[in-house]
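Trainee: The chain contents come next:
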Amino acid sequence: DSGVTQTPKHLITATGQRVTLRCSPRSGDLSVYWYQQSLDQGLQFLIQYYNGEERAKGNILERFSAQQFPDLHSELNLSSLELGDSALYFCASSVGGSNYGYTFGSGTRLTVV
Amino acid sequence: GESVGLHLPTLSVQEGDNSIINCAYSNSASDYFIWYKQESGKGPQFIIDIRSNMDKRQGQRVTVLLNKTVKHLSLQIAATQPGDSAVYFCAERPISSNTGKLIFGQGTTLQVKP
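First to last, the sequence lines map onto chains A and B. In terms of this note's numbering, the first sequence is residues 50 to 162. In terms of this note's numbering, the second sequence is residues 2 to 115.
Hints listed in this document are in silico derivations from the structure and should not be mistaken for laboratory results. Be a bit skeptical, because a hint or two may be false.
[Said to hold, decoys possible] In silico BS3-like links for lysine-lysine, alpha-carbon gap of 27 angstroms or less: (1) B:K114 x B:K43; (2) B:K43 x A:K58; (3) B:K72 x B:K57; (4) A:K106 x B:K43; (5) B:K57 x B:K69; (6) A:K106 x B:K72; (7) A:K58 x A:K106.
Please model the complete structure; the sequences and the hints are all you need to start from.
Mentor: In structure tokens:
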């Protein structure tokens with residue numbers, strides 16, 4: 050157990066729908082990162098939050114949004130889902146905002162049908 | 002056995018042999034590099050890291066080599082074991098980024114034959 054908790058582990062939904070993925074960071078970690086892993090794109094950085102504030106943004110689609118709450122857990126919202134959004138979504142956490150290396154959760158596997 | 006990362010995405014080695022996994026990184030300004038191991042159904046797991054002011058770092062059974070001249074990173078695993086079978090990713094942190102954003106390579110699958 051890495052200490053980073055992601056729920057749900059699996060999610061199957063239809064095109065056009067909206068889903069919310071949840072992440073609880075390791076105790077004491079202030080930063081949360083979201084990554085998308087698909088077969089043809091590898092691990093792609095989506096977004097980072099540090100202590101409730103957005104710190105960095107990657108190639109995150111406008112249909113996707115995220116936030117970090119006062120208790121430091123984070124949610125990634127994916128809307129108007131398309132078949133191509135099917136992927137593994139990983140959350141990671143670290144103590145600082147520009148930390149060297151961080152800990153990943155076990156991911157949420159999203160399947161859009 | 003040895004791979005060239007992007008060109009040979011699968012490396013197959015005999016148990017007990019040494020493995021070398023290679024990675025060509027993209028940004029000459031990156032200041033920090035990490036190797037992650039990802040087993041099936043799990044998230045990436047930190048193996049070893051190296052800062053750009055070093056060219057070699059050793060851990061338990063693993064060594065990372067950094068050649069900034071040719072933007073090349075390698076991971077050496079000594080006495081490879083079946084439990085080492087996984088996908089290995091290199092990642093880099095762009096120095097211009099005051100964030101924790103990492104850029105990951107495509108990954109190399111390591112298969113260990115008993």
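Trainee: A separate judgement is required for each hint: does it hold in the structure or not?
Mentor: Tested hints:
Restraint check for B:K114 and B:K43: satisfied, since their Cα atoms lie roughly 21 angstroms apart, inside the 27 angstroms limit. Restraint check for B:K43 and A:K58: satisfied, since their Cα atoms lie roughly 11 angstroms apart, inside the 27 angstroms limit. Distance check on the hinted pair: B:K72 and B:K57 sit about 14 angstroms apart at the alpha-carbon level, within 27 angstroms; holds. Straight-line distance between C-alpha atoms of A:K106 and B:K43 comes to about 24 angstroms, which keeps the hinted pair within the 27 angstroms bound.
Pair hint B:K57 plus B:K69 holds up; C-alpha atoms about 11 angstroms apart against a cutoff of 27 angstroms. For a cut-off of 27 angstroms, the pair hint linking A:K106 to B:K72 stands: about 25 angstroms separates their Cα positions. Distance restraint check for A:K58 and A:K106: the Cα-Cα separation of roughly 24 angstroms lies within the 27 angstroms cut-off, and the hinted pair is therefore satisfied.
Going down the numbered hints, you'll see the structure goes against none, and every one checks out.
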